[in-house]
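Please dock the two separately framed chains into a single complex, following the hints provided.
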Amino acid sequence: MIRFDRVSKRYPPGVDALSNLSFDLDEAQMLLIGGHSGAGKSTLLKLVAGVETATSGSVLVGGQNLGGLARAALPYYRRRIGMVFQDQKLLFDRSAFENVLLPLSISGFPVRESTSRVRAALDKVGLGKREKALPIMLSGGEQQRLAIARAVVGRPDLLLADEPTAHLDQDTAADVVRILLEFNRVGVTLLVATYAHELFPGARRLQLDHGRLAA
Amino acid sequence: MKAWLVHHGRSASLAWRRLTATPVNSLLSLLAIGIALALPAGGQMLLSGIRDLAGNSTATPRISVFMNIAAERAVADNIRSRLERHAGVRQAGFLPREETLARMKSSPGLRDVIDALAANPFPDAFVVSARDESPESMERLADEFRKWPQVEHVQLDSAWVRRLDALLKLGRTALMLFAGLLGGGLIAITFGIIRMQVLTQRAEIEVSRLLGATEAFIRRPFLYHGLLLGVGGGVMAWLLVIGTTLWLRAPLAELAGLYDLNLALHPLSASDSALLLACAGCLGWLGALFSLRQNLGQG
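From first to last, the protein sequence lines are chains A and B. Going by the numbering used here, 177 is the number at position 177 of the first sequence; the sequence numbering is gapless. Going by the numbering used here, 293 is the number at position 293 of the second sequence; the sequence numbering is gapless.
Please keep in mind that the hints were generated in silico from the structure rather than gathered at the bench. It should be emphasised that the depicted structure is a prediction, and the values quoted were computed from it without experimental measurement. Glycine included, C-beta positions come from ideal geometry on N, C-alpha and C. It cannot be assumed that every hint is accurate.
[Stated by the list, open to error] In silico negatives: residues of chain A with every beta carbon more than 12 Å from chain B:
| hint | residue |
| --- | --- |
| 1 | Ser114 |
| 2 | Asp169 |
| 3 | Glu182 |
| 4 | Val188 |
[Claimed, not checked] What follows is a set of in silico ranges between Cβ atoms, one per label pair, in the way DEER data are often shown:
| hint | chain 1 | residue 1 | chain 2 | residue 2 | range |
| --- | --- | --- | --- | --- | --- |
| 5 | A | Gln64 | B | Gly180 | 48 to 56 Å |
| 6 | B | Gly9 | A | Arg94 | 54 to 62 Å |
| 7 | B | Leu199 | A | Ala72 | 21 to 29 Å |
| 8 | B | Gly184 | A | Asp87 | 35 to 43 Å |
[Stated by the list, open to error] Away from chain A, derived, C-beta distances all over 10 Å, residues of chain B:
| hint | residue |
| --- | --- |
| 9 | His7 |
| 10 | Met104 |
| 11 | Lys105 |
| 12 | Ala116 |
| 13 | Gly183 |
| 14 | Gly185 |
| 15 | Glu206 |
| 16 | Arg209 |
| 17 | Arg249 |
| 18 | Ala250 |
| 19 | Ala264 |
| 20 | Leu275 |
So that you can see chain B by itself, here it is in the shape it has in the complex (with noise of 0.2 Å):
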């Protein structure tokens, strides 16, 4: 076990060695890795931030239920007990005209259009959720409210939120496949890497079959470079985006607010970060194996 370490260890120091002992080659290839894994990352941190600018709406779909703006609340309460006891309610959810009034003035983009209003403009309405939640039974629920008495509007609201969860899952398709592109390209460039470094350690490796390497001692500090170059690559994409998160967090919190909308950035999490450095390592890894069992031969 001790000595299976210290192979190990001293294949790992190699590996070192050969990847800084010429640091302006090796530092252009991690820059070239980093940026490949830095598009994926960066724009899986991009779909989280149009994710969280949908708020904490769910793609659950729902159907609002807007009274007429002079029926009065015993009305209201009469379409609140019908919708209780509809079978194809699961649940319902009043929400009085004076309480939409009051969310609406506590946005600050609405609060002075509001005050200038002499009356409250809005109605008495419901938030319905179904128990059938196919888009042909909620229209049929949608169709029957309508038919009510003093239903002024019905109105199918997570229409929007369901268009973009499904943008967000074609953003996270295209993402994907990206990453498995860019990801094919790390593999590339590793390969060409570790196959010059094959070509240069040619007389090392043929000297090392001779006094007696296994197949697993010379292949070792190739895996090791491979790895290293993905991890170092992986580093080198974390850099690059946090460096973009930060220098972009400012212009685009600006932006944001001009809109006033919930729109940031955020850095990558911890796991977040140890999956690209775990992902990047592997790949590396992946590189150098294929690497290997194209260029080496057998001894």
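Same shape as in the complex, but just chain A (with noise of 0.2 Å):
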């Protein structure tokens, strides 16, 4: 599913953000990546994503160059794969729904089917009874199972999470790992930064340091 080739991410004026950096996961596992702050977790899941270009190397997400894909095809390609923020990235003047239904607005999907996939979308992450409710009305944890809502409301087969336990309590944090490991059983791809490596027993992991894979 994803390949990293000794990727390099180099910011200016020289900061080396990843180095030389190679990893393989297949379909439907899980990862986790550790690392102190600024070791290049963000970075890592930041070329996942699109958003960044690496410096040198290659990165292959389903068997696509990321750094062959044109920019136009940039959106297309961001519409397969499904984001947790660390700062969650909800819109705060939309409703739940509102939040939830923004990708599937994105890729034009029929009122009707979007609606539909939405309320699941919600009750998969037990927020289906708060789907008027803005996101300034609900909890931490709400917000970040709503951010998770949001994430995989388009089915995607690769789901990117950045810290999404941040900031949660133990209990919080523990039931937005539960919905996040249920969407790992049923074939996403899981790719998760974070330092709660202890919520995930069993998972895989890839520490880094300084951008390096710490020995």
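And the structure:
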């Protein structure tokens, strides 16, 4: 599903966020990316999401080299992956329903199908009865679950999550992890950048240190 | 095709929601655009009224040849045949003095004056149009007619129409310049409003890009917003012009009646109204487009 082949990412004025990184992740598998702040976890996810491009090396997702992806093709690539952002990036002037609807509107889904998909996604994360609530009316855990619902509503093959349990208490964090693992069990490939690897017992882990694989 | 239409429908609906989310601000913006558009539209209507004032007169230069008041009809007949044979004359129309008197009597302002006269004060006359209408040739022709027997007076009587036409041309040019400047103003107003919208919607734009929105998807609601501002401003301008016309109609008719003038303000025609709305919509859309190019950046 994902192949990093000697990937480096350098930001101006010469800061190496990732150096010569290689790894593979098969379909329907899960990989945790660990490391301290600034280790390169978010950069790795941004490369997979096509938000950043590698300075050298190649990033392949589903057999497609993202370095060779045309700018016009990038939006269509992004529609195939789900993203849970560290800061959630919810739209605070839209209801929970409208937030989850956004990816489907972007992809041009018909209204009826969109409605049923949004309701299913909200039910899946336990927010079925809060669809009219604005994000500000939701707790931190509910906001994170809403972000997950938005990430999975398009039924992506690959789900990227950047610190999905940050700022959550232990029980809420466990709840969020449970939901992510459920998606992985039904075949969604999961790439998670997290400090809290203990919440994902038995998961394969890639530890980064200053942009390199830790020994 | 259906998905494309759905996208457009959603974008238009979103633009409408954004426009109506701040009704007072939007109304003031529409009023500013409406005033900017109403000025040239009103000017066009005024010019049209002045053009009507000139009546059906054409700017074709003509020469009026007036006979001596004592000249016999036989002399006038002789002049008529000379005119008809003249190589430089395209057409010569004869106006018998009796017909002129009857026409003048039909003018309400002149009837009393003419009735007070003992005899018909008007001479026989000819209205001549020339083959060569250049001013020099017309002057030569007029000089020639002046030398003919029993010809009392020769006048290049299209001069005032030509002067009015020149004034109207100047008015039209000034109006176009004015309309261009105010059109630029409308683009600037829309530019600013859309810029503010882009800043307000920055988070949504960023999230949409991350979720796979194309640039067209992101731009479309803003373009519809610009279009709605333009068309809304056009409607406002139309209402202002119609309102002003109705308001001025009675006092203007009174003034025109006092001077026995055919001066009236006609409301904008359906085609002029459609043109106004189309131009306004296009200008709003252009303002939005420029603003997006400047402020939206690339994903």
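So, going through the hints one by one against the coordinates:
no. : hint                              : result
1   : Ser114                            : 10 Å, violated
2   : Asp169                            : 26 Å, holds
3   : Glu182                            : 22 Å, holds
4   : Val188                            : 17 Å, holds
5   : A:Gln64 with B:Gly180: 48 to 56 Å : 50 Å, holds
6   : B:Gly9 with A:Arg94: 54 to 62 Å   : 18 Å, violated
7   : B:Leu199 with A:Ala72: 21 to 29 Å : 26 Å, holds
8   : B:Gly184 with A:Asp87: 35 to 43 Å : 41 Å, holds
9   : His7                              : 6 Å, violated
10  : Met104                            : 75 Å, holds
11  : Lys105                            : 76 Å, holds
12  : Ala116                            : 82 Å, holds
13  : Gly183                            : 33 Å, holds
14  : Gly185                            : 31 Å, holds
15  : Glu206                            : 7 Å, violated
16  : Arg209                            : 8 Å, violated
17  : Arg249                            : 48 Å, holds
18  : Ala250                            : 50 Å, holds
19  : Ala264                            : 52 Å, holds
20  : Leu275                            : 35 Å, holds
In this structure, the hints that do not hold are numbers 1, 6, 9, 15, 16, in rising order.
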